[in-house]
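For this one, chain A is given, so just place chains B and C on it according to the hints.
Chains as they are written, first to last, in numbering that gives the first Met the number 0: chain A, 0 to 335; chain B, 0 to 274; chain C, 0 to 182.
Calculated from the structure, these hints are not laboratory results.
Just so you know, even glycine gets a beta-carbon here, dropped at the ideal spot from N, CA and C.
Fair warning: there could be bad hints in the mix.
What the hints assert, rightly or not - Ranges between beta-carbon positions, derived for each pair:
no., chain 1, residue 1, chain 2, residue 2, range
1, C, Arg-180, B, Phe-190, 32 to 40 Å
2, C, Ser-82, B, Ile-130, 37 to 45 Å
3, B, Trp-141, C, Asp-86, 24 to 32 Å
4, C, Arg-180, B, Val-253, 15 to 23 Å
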Amino acid sequence: MAAIEGPAGLAGSPSRVSPLPAIEAHALRRSYRDHVAVSSVDFTVGRGTVLGLLGPNGAGKTTLIRMLSTLLEPDSGSFEIAGLPRTETRRIRQCIGVLPESPGYPRWQTCQEWLTYHARLYGASRRDARATALRLLGEVGLGERAESLIAGLSRGMRQRLGIARSLVNEPVVVFLDEPTLGLDPHGQQQVLDLVTRIAGERGATVVLSAHVLAEVEQACDHVIILNRGHIVADGTVAGVVRRAAAPRRGVVRVPPHLRTHAFDVLAAQGLVADRTGNGHRDEVELRLPGDEPPEESTSAALRCLLDAGVPVLGLSLEGGRLSDAFLAVTQGDGNG
Amino acid sequence: MADLDAVDAAPTTGTPATSAGSTWTVAEQELRDLWLSGRGVAMLLAYTVLLSITTYLIATNQELNFLEQREAVSLTLQLAVAVGGLLVVLVAADAVSGERERGTLESLLLTPAPRRSIIIGKGIAAISLWIGAFALAVPYIWWIGRDVGTFGVAFVGGLVVGTLLALALTGIGLLISTFSQSNGLSLALSFVVLLALYVPHQMPAEATRGWAGELVLKLDPFSAGLLYLERLIVNSHSLSQDLGLLVVPALCAVGLPAVALLVGGRLSLLPRSGS
Amino acid sequence: MRALARIGVACALPLALLTTYDAAAASTESAIVAGQVVVELDQREVAASPGQKVTFESTVRNTGDRPLADYVAHLNILSTDKSVYVDPEDWSPKRTQFLDEIRPGGSTTLSWDVRAVTSGPILLFVSVTSPTADTVSSSGPLKMTVGGQRVVNAGGVLPLVLWMPAGVLALLGATSVRRRRHR
Numbered sequence: 000m001a002a003i004e005g006p007a008g009l010a011g012s013p014s015r016v017s018p019l020p021a022i023e024a025h026a027l028r029r030s031y032r033d034h035v036a037v038s039s040v041d042f043t044v045g046r047g048t049v050l051g052l053l054g055p056n057g058a059g060k061t062t063l064i065r066m067l068s069t070l071l072e073p074d075s076g077s078f079e080i081a082g083l084p085r086t087e088t089r090r091i092r093q094c095i096g097v098l099p100e101s102p103g104y105p106r107w108q109t110c111q112e113w114l115t116y117h118a119r120l121y122g123a124s125r126r127d128a129r130a131t132a133l134r135l136l137g138e139v140g141l142g143e144r145a146e147s148l149i150a151g152l153s154r155g156m157r158q159r160l161g162i163a164r165s166l167v168n169e170p171v172v173v174f175l176d177e178p179t180l181g182l183d184p185h186g187q188q189q190v191l192d193l194v195t196r197i198a199g200e201r202g203a204t205v206v207l208s209a210h211v212l213a214e215v216e217q218a219c220d221h222v223i224i225l226n227r228g229h230i231v232a233d234g235t236v237a238g239v240v241r242r243a244a245a246p247r248r249g250v251v252r253v254p255p256h257l258r259t260h261a262f263d264v265l266a267a268q269g270l271v272a273d274r275t276g277n278g279h280r281d282e283v284e285l286r287l288p289g290d291e292p293p294e295e296s297t298s299a300a301l302r303c304l305l306d307a308g309v310p311v312l313g314l315s316l317e318g319g320r321l322s323d324a325f326l327a328v329t330q331g332d333g334n335g
Numbered sequence: 000m001a002d003l004d005a006v007d008a009a010p011t012t013g014t015p016a017t018s019a020g021s022t023w024t025v026a027e028q029e030l031r032d033l034w035l036s037g038r039g040v041a042m043l044l045a046y047t048v049l050l051s052i053t054t055y056l057i058a059t060n061q062e063l064n065f066l067e068q069r070e071a072v073s074l075t076l077q078l079a080v081a082v083g084g085l086l087v088v089l090v091a092a093d094a095v096s097g098e099r100e101r102g103t104l105e106s107l108l109l110t111p112a113p114r115r116s117i118i119i120g121k122g123i124a125a126i127s128l129w130i131g132a133f134a135l136a137v138p139y140i141w142w143i144g145r146d147v148g149t150f151g152v153a154f155v156g157g158l159v160v161g162t163l164l165a166l167a168l169t170g171i172g173l174l175i176s177t178f179s180q181s182n183g184l185s186l187a188l189s190f191v192v193l194l195a196l197y198v199p200h201q202m203p204a205e206a207t208r209g210w211a212g213e214l215v216l217k218l219d220p221f222s223a224g225l226l227y228l229e230r231l232i233v234n235s236h237s238l239s240q241d242l243g244l245l246v247v248p249a250l251c252a253v254g255l256p257a258v259a260l261l262v263g264g265r266l267s268l269l270p271r272s273g274s
Numbered sequence: 000m001r002a003l004a005r006i007g008v009a010c011a012l013p014l015a016l017l018t019t020y021d022a023a024a025a026s027t028e029s030a031i032v033a034g035q036v037v038v039e040l041d042q043r044e045v046a047a048s049p050g051q052k053v054t055f056e057s058t059v060r061n062t063g064d065r066p067l068a069d070y071v072a073h074l075n076i077l078s079t080d081k082s083v084y085v086d087p088e089d090w091s092p093k094r095t096q097f098l099d100e101i102r103p104g105g106s107t108t109l110s111w112d113v114r115a116v117t118s119g120p121i122l123l124f125v126s127v128t129s130p131t132a133d134t135v136s137s138s139g140p141l142k143m144t145v146g147g148q149r150v151v152n153a154g155g156v157l158p159l160v161l162w163m164p165a166g167v168l169a170l171l172g173a174t175s176v177r178r179r180r181h182r
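So that you can see chain A by itself, here it is in the shape it has in the complex (with noise of 0.2 Å):
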């Protein structure tokens, strides 16, 4: 089972901590018909923790999401969030707050109405209702926007307003099925600062599942990629990466009439990505083993270069990030 562990303490959290943890997922399964979109899936997740809930299209993490929000039976297993077991239906969705993948709006209630009903809904007076929604527009930047109607938010607007949503009964996890789906890189970037904010400010545990591979590795302190409903990697962003053993590339620039010589020495250090030399004429692309580190890959590359008379003009590295690495654990099942 994948352990996730939690930040080791939070600046200002009470003096009584609790050890529980903050999910903890027991052979999770759930099928449809015939198909079967998540598989006897385990792990638990620390309190504090920001995790990345990755995988291709199909993998099962809405269904997952929705399982662990109560929204879905599982199949069988079982599961606890925030000690509460699967069973207490009624407390866990007191103690979560999720923003749903395609989630709806009603068109002609104001974005403080709407809060506010929904604050209502989680046992709020409405006075303390209204305040909790002033207060959480503020927070994610549509203070100004409380009395508008939804229908005229822009997107970005509505998902910022669909994770307000998500904090009115102050939960301890907090679940956001893709949050910038659909905005521009700006409005991705406000998505992501309100995410780490969540996490540091409340210290609520929150289960981020994206698309966007650069915006977990950005955000989130652990990561878990499922395919075909199995858990296939688990772990900090670094450890998957490496665990994944994803191979990386680089480019080393050096003088165009010593690239054949430079060719023949890399290739004799097995260093080579493509000996046809289908880069530019400067250029020679290295394949760098990805159980190694990449500075010892580089250094021995650029040795070699080095000790054959062959200057160094540049060298960039790619690869080794994280959607390296969930193409690694991916792909081959005809998935990514």
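This is chains B and C only, laid out in the frame that chain A set:
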């Protein structure tokens, strides 16, 4: 800061919502959505225009002026009950399947509000359309029947029969809405059911003779209710004289919403699977 | 020739007599049938107001010496005032009744329900005919005077039919203004 201890897993915003509290919260929001958005008012505008046209023709058109005054009151009341029922069933049919299609149901199901509270709240909003329709019909009924002293019985009879039928239709609409794969299907099916309930009342007298015809008339809550109103107003029966005709409408008014509530406890994101 | 004529007359006479006898027998038969059935109503006049239900009875007597089987009675409703429209279906949905066999000298009573629909002079009578519909016997008239019809007083209808939709339209406008204010 939220505490992760299992015993204190409640959020810091207020105490967990009770069922009754959730019901009134949902009902209040649904009523606001229906009326403050203008949707309910727009539906009643069309209905009011229809009532005005009918009343004007009754009052002024020579060909139509053969109607005896009590018959005119009865006709207007039946129109109010029929159209009011139509509006109720359409709103109820949209209650769940419409939210499912618009994508707003998921957010609602993620709250701790009990499923039944959501269903009841939406049912209350649907019923409010009947109340609005009846309230608008009252001035017309008063004006048409003002010289024959039928207003009192027409008011009471219309309110009782209309409310019983509205409750039954709300139950039907909510049931269909909970299980329909799409909102279009839900609306169409509800409309067909309403027509099927209304048709026996419109059958010629010959067709209702015999055991089958009489059985249909008695078992159909719509026909039974409208027949009660006819006898009450046109034939000057007392309120208690034909109470037997209200048995089936009363049973449907209680039974159908109860079934909708029972089924509503399994309200889910997907129309056919439980949550 | 005269002998032939005498023979012809002698032959024709019995034939004529026979035919006359058949025709007479037929008309007598009809006369017997027509005279055999007597229809009487229990009321001659009744007053009603629109919407009121009136019930009356008709007695069909067999005054002949043969039983009457499979006879049918029908209620007729009309107005003697051509300005009054009468659709019998509105007045009484059940206007045809089939009689049980009536023995010679016996009678049967039928009950009829009529609801007064519109005001004016209304005439009702019951007709009885045999299965072969050779003759029809009718009762005397039941004169129903339906009066006191109140038609809707058209005075003051315009303010009602205009102000009500106008009021609802104003409400609709108010919701629209509210929506615009929040945009």
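Could you work out which of the previously given hints the structure breaks and list their numbers from low to high? 4
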